[in-house]
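K.L.:
Listed below are the residues making up each chain.
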Amino acid sequence: MAKSIVDFLVELDTNSKLMEAYKKDPVATAADYGLSGEELKLIEDKNWEEVSKRFDDIKKAPRVINY
Amino acid sequence: MDTAKKGSLVIVGTGISVAGQMTLAAKSYIENADIVFMGIMNKVGEHAVQSLNPHCISLDDLYQQGKSRALTYAQMTDRIVQAVVEGKRVCVAFYGHPGVFVTPSHEAIIRVRELGLDAVMLPGISAEDCLIADLGIDPSRFGCQSYEATQFLFRDYRLDPYMTQIIWQIGLAGEATLSVLDSTHSQPGLALLAEILSEHYPIDHELIIYEAATLPICEPKIEKTQAWRATTRKADTNFHFSCAFIRYTKIPPRPFGKTRVD
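Here the protein sequences line up with chains A and B, keeping their order. Numbering-wise, the first sequence is residues 1 to 67 according to the working numbering. Numbering-wise, the second sequence is residues 1 to 262 according to the working numbering.
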């Protein structure tokens, strides 16, 4: 069963060995982890804009309120 | 004997990246809380917190287009304090450092302490911490001034061009209604910002538009430009919480002055 890119991103952020492997070969590392074809394509295409769009919600970035 | 369970509050930061910048202490408080409120602007970051404790509640539902953030933050504070009053061990996980740019964290701690209950904030990794690492600067070298862009425009701050300048959230410069959620950037605010900077720096003085990376597969955004060019920068959706970083190139460090002990 394919694993989620969400789990992959958490693991990548907390596992230095996985990060080292990813830096050497991003697509193979993501494929070994078990990402689906569609999610692998995002990494292959370096489509960070789409990844960011899926997960970041900049509307909720904290702001100063005392002017 | 009073056997009623007393509530308590711990406010932690999850860092700017999705999980790797969370401290061991923050992780432990999240794991052991009765309830965890989340103010995290990244779904992967939320997932990381939820995997530590199933009793998580997002504070995101309080945001609404057209609603003042002041009201949103007051409601967040009420929700947090109410859970503590009910006797729960409450942990609140905010993105970045929970005390930087985060009003409800400070307000909740004040109110819980006023009730005679325990409340503490743990430090987290902020965007400024990421900037220092990514741009390779030491803010102590010549000193550093750090402002939020709209405050920088509205308040008559004294800019010292000999010091490093960090101006936060430049894409929202001049946006003081607090009710805008999806703005990209404010051209008049940027123009005014450039005008103020031009009083202190040569027109071609370099500045860096910086944005820390939130996802481990992405690099931080580091764009070298000049202040006047930044005002005509094409809008993009992430620009509003970028910061302008201005260093002392072309301007030498301020010479040593006469010290007070002389």
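Hints are not guaranteed to be accurate.
[Stated by the list, open to error] Simulated crosslink set (DMTMM-like; lysine to aspartate or glutamate; CA at most 25 angstroms straight-line):
(1) B:224 to B:195
(2) A:53 to B:128
(3) A:23 to B:195
Calculated directly from the structure, the hints in this document are not laboratory data.
K.L.:
Would you mind marking each hint as holding or not holding in the structure?
P.N.:
Verification of the supplied hints:
With a C-alpha separation of about 18 angstroms, the suggested pair residue 224 of chain B and residue 195 of chain B falls inside the 25 angstroms cut-off, and the hint holds. Of the supplied pair hints, the one linking residue 53 of chain A and residue 128 of chain B holds, its CA atoms being roughly 23 angstroms apart against a limit of 25 angstroms. Restraint check for residue 23 of chain A and residue 195 of chain B: the C-alpha separation of about 42 angstroms exceeds 25 angstroms, so the hint is violated.
The structure shown violates just one earlier hint, number 3.
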